[in-house]
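Those protein sequence lines, which keep their order, are chains A and B.
Take the first sequence: its letters are residues 1 to 311, numbered as in my numbering.
Take the second sequence: its letters are residues 312 to 386, numbered as in my numbering.
Wrong hints could be hidden among the right ones.
Claimed, not checked - Okay, the calculated bits of chain A under chain B, using three or more residues with CB under 8 Å as the criterion: (1) 40-49; (2) 221-227.
To be verified - Restraint ranges, calculated between C-beta atoms of paired labels, are given here: (3) B:D327 - A:K228: 17 to 27 Å; (4) B:E365 - A:P147: 30 to 40 Å; (5) A:L299 - B:P357: 42 to 52 Å.
To be verified - Mimicking DSS-like on lysine-lysine, the simulated pairs with C-alpha atoms at most 27 Å apart in a straight line are: (6) B:K347 - A:K247; (7) A:K170 - B:K371; (8) B:K383 - A:K249; (9) A:K228 - A:K198; (10) B:K347 - A:K198; (11) B:K384 - A:K228; (12) A:K87 - B:K383; (13) B:K371 - A:K247; (14) A:K228 - B:K347; (15) B:K347 - A:K93.
What the hints contain is simulated information worked out from the structure, not anything from laboratory work.
None of the values given here were measured: they were computed from a predicted structure.
Here a beta-carbon is modelled for each residue, glycine too, at the ideal position from N, C-alpha and C.
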Amino acid sequence: MDKIKISFVGNGTPLIDIIRYAMTLESIEVQYVFVSENEIDFVKKKLDSTIVENVANITANRITKSDFLNDCDYLISYNNMHIIDDKIIENLKCGGINYHAGSLPEYAGSYTYQWAIRNNEDRFCSTIHWIKGKTDEGPIITKKEFPITAADTGLSILIKSLETAYCLMKDVLKDIANSKTLNMIPQDLTKRNFYSIKAITESGQINWDDSAEAIERLIRASDFFPYKSPTYEPFTETVHGLMKIHKAKICSDRNLSNKTGRVVSVTNDCIVVSTGCRKGLSITSVTINKSKFKSGSMLETKIRAGELFKA
Amino acid sequence: MLSEVSQEPVTNLPEDTDLISSGILDSMGFLTFVTKLQQHLDIELPLDEYVPEEFILLGKFITICEETLKTKKNG
């Protein structure tokens, strides 16, 4: 019996892990793996394989070989930011399948794990869906929710989503290997929200008229420690220069000012600022003009009580 | 543990090995490695005191681990 031919597109360790699993299934043949040019050598080495190709061969508008996947049953998009050309998807014998970080149709688009924190959601979702129509519009195969806690950051939600997706995609691959029919549950597109990359990358400026909770979530959603946020870094303008805020928590202070963005107190541990609600924001890690300060050295920022941050 | 995360045998690396550009790990793999190591040693590495270009160097990373363990022992 002919093996089921599957190609993969995506990047990094999550992609490699799911391909390794697919390679253990007897009835599946991994045909091609498409990754960014700068990842080709890394993925080739990790998979000990020569089937790795440049993703530019199959992305929208940059297609070089439109018949690349004519003989392929499925294309699985996993941890992938590239838009695959429609012709490539149409040529697949069975179809394209995508892992999306977020609930569909409510959280279509990019970096939705950051938006979910900012929107004060208490749950997040990993979704596996068919690639059909516009981005993230295709019918759903399977999905699984998990809780968002008050300690979660942008990065921690992404990691949880990838862990959840790994289990879901393993089940999908098992079903494919056993020739089971995959679900095709249509999305209610009247509920669709699409989050663009532009919208999130331009949303880093703190509005001190917002509540302390909203500002804290904006900061926590951008926390990709030990890495930089892939989208925005929350910032405010001070008389000392642009201040990027990395860590903060909500606090109460009897001296909170009615003037939003006013510095209420500064100690070596934190800077407390008034917000648009009755609570303040206690800032414990910042960068001002490329110098980093954290709890224990906040007085070195030269910021003092009474200063006003631009709201 | 590094071999386990990178899924390839890793031995006798020089101290100036960049764990990412050398192709041993990628950024997500490095994160998995740090998480597992922290759990195993029951420590929290103060990586926020360094820039990524520093702590992805094997020698620097080992120094950070050793200093954190020393601080933990001295309690």
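- Task: Would you pick out the hints that fail for this structure and give their numbers low to high?
- Result: Violated: hints 5, 7, 10, 11, 12, 15.
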